[in-house]
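**Student:** Which chain is which? The protein sequence lines are V and H, in order. For the first sequence, the numbering used here gives the first residue as 0, with consecutive numbering after it. For the second sequence, the numbering used here gives the first residue as 0, with consecutive numbering after it.
No lab work stands behind these hints, which were simulated from the structure alone. For clarity, every value in this text was computed on a predicted model and none was experimentally measured. Fair warning: there could be bad hints in the mix.
Calculated pairs, DSSO-like style, for lysine-lysine (alpha carbon to alpha carbon, straight line, at most 30 Å) [claimed, not checked]: (1) H:K42 to V:K41; (2) H:K108 to V:K90; (3) H:K91 to V:K109; (4) V:K125 to H:K32; (5) H:K125 to V:K24; (6) H:K42 to V:K108; (7) H:K49 to V:K42; (8) V:K42 to H:K42; (9) V:K20 to H:K108; (10) H:K91 to V:K125; (11) V:K31 to V:K175; (12) V:K20 to H:K125; (13) H:K125 to V:K90; (14) V:K125 to H:K20; (15) V:K42 to V:K20; (16) H:K125 to V:K32; (17) V:K31 to H:K125; (18) H:K41 to V:K42.
2 protein chains.
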Amino acid sequence: MEDLYVIKIGGETINSEDSLKACLKAISTSGKKVILVHGGGKKVTELAQKLFIPQQMVEGRRITSLETLELCTMVYAGLINKNIVAGLSAKKHVAIGLSGADLNCIVSKKRDASVINYGFVGDIVKVDEMVFENFITQNIIPVVNSISISEDAELLNTNADVMAAEIAKTMSANYKVHLLYCFEKSGVLKDITEENSVIPDISKSDFMHMKETKQIADGMIPKLQTAFRALYHGVEEARILKSDALENYFANEKPGTNISLH
Amino acid sequence: MEDLYVIKIGGETINSEDSLKACLKAISTSGKKVILVHGGGKKVTELAQKLFIPQQMVEGRRITSLETLELCTMVYAGLINKNIVAGLSAKKHVAIGLSGADLNCIVSKKRDASVINYGFVGDIVKVDEMVFENFITQNIIPVVNSISISEDAELLNTNADVMAAEIAKTMSANYKVHLLYCFEKSGVLKDITEENSVIPDISKSDFMHMKETKQIADGMIPKLQTAFRALYHGVEEARILKSDALENYFANEKPGTNISLH
Numbered sequence: 000m001e002d003l004y005v006i007k008i009g010g011e012t013i014n015s016e017d018s019l020k021a022c023l024k025a026i027s028t029s030g031k032k033v034i035l036v037h038g039g040g041k042k043v044t045e046l047a048q049k050l051f052i053p054q055q056m057v058e059g060r061r062i063t064s065l066e067t068l069e070l071c072t073m074v075y076a077g078l079i080n081k082n083i084v085a086g087l088s089a090k091k092h093v094a095i096g097l098s099g100a101d102l103n104c105i106v107s108k109k110r111d112a113s114v115i116n117y118g119f120v121g122d123i124v125k126v127d128e129m130v131f132e133n134f135i136t137q138n139i140i141p142v143v144n145s146i147s148i149s150e151d152a153e154l155l156n157t158n159a160d161v162m163a164a165e166i167a168k169t170m171s172a173n174y175k176v177h178l179l180y181c182f183e184k185s186g187v188l189k190d191i192t193e194e195n196s197v198i199p200d201i202s203k204s205d206f207m208h209m210k211e212t213k214q215i216a217d218g219m220i221p222k223l224q225t226a227f228r229a230l231y232h233g234v235e236e237a238r239i240l241k242s243d244a245l246e247n248y249f250a251n252e253k254p255g256t257n258i259s260l261h
Numbered sequence: 000m001e002d003l004y005v006i007k008i009g010g011e012t013i014n015s016e017d018s019l020k021a022c023l024k025a026i027s028t029s030g031k032k033v034i035l036v037h038g039g040g041k042k043v044t045e046l047a048q049k050l051f052i053p054q055q056m057v058e059g060r061r062i063t064s065l066e067t068l069e070l071c072t073m074v075y076a077g078l079i080n081k082n083i084v085a086g087l088s089a090k091k092h093v094a095i096g097l098s099g100a101d102l103n104c105i106v107s108k109k110r111d112a113s114v115i116n117y118g119f120v121g122d123i124v125k126v127d128e129m130v131f132e133n134f135i136t137q138n139i140i141p142v143v144n145s146i147s148i149s150e151d152a153e154l155l156n157t158n159a160d161v162m163a164a165e166i167a168k169t170m171s172a173n174y175k176v177h178l179l180y181c182f183e184k185s186g187v188l189k190d191i192t193e194e195n196s197v198i199p200d201i202s203k204s205d206f207m208h209m210k211e212t213k214q215i216a217d218g219m220i221p222k223l224q225t226a227f228r229a230l231y232h233g234v235e236e237a238r239i240l241k242s243d244a245l246e247n248y249f250a251n252e253k254p255g256t257n258i259s260l261h
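With the sequences and hints as input, model every part of the structure.
**Tutor:** The following block contains the structure:
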């Protein structure tokens, strides 16, 4: 099977023009088949502040009011998505921006509100493999933002890490999929203040142990859980790395943290 | 040749949920091949006010600073585009949102700044016919926003009326193209305060006469000029009508104003 790289870029990478450029350059020169996934949470927070739209987070997850959904749709599907598409075009790559609503390619279900009401938030129920297959076989890079669509055609905010993992899982049927989470840190760090403390490998049992002994930052737990689920469902490789290290990764180095089931 | 309807929705239609729904319903029940084009200027003006980003207009055209381009990209390519795509999905249509940057489908040239510096504004130099052809033959409705891309891969703000006309002109090679400008008024009005004063037909010579005698609103002049240019370049029909009358149009009535060369 052919390799496919599902690359999620998030965190500060989206805000830093240099990191984003480095990322797109690495993708461009790799010559690999790629699906790019992005969120852009920090831009939404900034804009919400300027517009006096209150933001509420529960356990690190955003409560999405209708006004916040509008901001997310603007920032993710508009500003960030088109800037990435243009950035790839500048590298002579043909790219297409996709929300889950486009071609109904990522369908989600509005999250049950009985325990916590997250508002307009969706959990993915279906990724349309053929949409992605059609683009990547034409060497077109899908650039996917984290807005999905419900079966009732409602736009919903979706976690970008999970979206990348769900795409990776679906594409695993016909590709050797590498799921890469790129962000501003060098990987999963033993000591969050020390960039040199990257843990090169985390197995499922390492993770369970680290969680129990609270050796792992809260924000990292759902990302790792998502990565484990992807591996469990047939994804070949899952890795958390610094955006700037993507070029090294494609040069067969092993930057960041490799996540493995065993 | 088969009929193709290039429908531009603009003005208040974008802001009015009811008008937009009526428009999408008419498109949906028509069963026709459609390319939808939209801007969304008023939403940008509102957002700019809230964010204290000054807006400058020269002869009814927006000067697009970098900050304003960001707003336009958010509002056109994000908020409005995805809401229309979702609205079509609600009618069981598969749609795809496209800016000119996606698949590089609409390439523009930054407007020369020597007389008036319009900022990040582009004039269209190329519409990729095959991109649109591929989608419409699959019964996918392209929903095109008015952000284009330059040959240097810069995002540029583009006039939505012109974008619709350029798409219409290009598609005329293989389709009988009907260019429909839908907005909140009933057509070109003799008396702008009187909705019943629709002029049913305007020929090129009528237009020249009306312009000379100042019988025509300033804002309508570039729209009519664009329509005439489209007809001159092979478009079959050009019509200006109320969004709510689109259903009547597809029922073979002749709502609004028909623009014709002779």
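**Student:** If a hint holds in the structure, say so; if it doesn't, say that too.
**Tutor:** Structure-based check of all given hints:
no. : hint            : verdict
1   : H:K42 to V:K41  : 23 Å, holds
2   : H:K108 to V:K90 : 18 Å, holds
3   : H:K91 to V:K109 : 19 Å, holds
4   : V:K125 to H:K32 : 27 Å, holds
5   : H:K125 to V:K24 : 26 Å, holds
6   : H:K42 to V:K108 : 29 Å, holds
7   : H:K49 to V:K42  : 17 Å, holds
8   : V:K42 to H:K42  : 19 Å, holds
9   : V:K20 to H:K108 : 23 Å, holds
10  : H:K91 to V:K125 : 17 Å, holds
11  : V:K31 to V:K175 : 12 Å, holds
12  : V:K20 to H:K125 : 26 Å, holds
13  : H:K125 to V:K90 : 19 Å, holds
14  : V:K125 to H:K20 : 26 Å, holds
15  : V:K42 to V:K20  : 18 Å, holds
16  : H:K125 to V:K32 : 27 Å, holds
17  : V:K31 to H:K125 : 29 Å, holds
18  : H:K41 to V:K42  : 23 Å, holds
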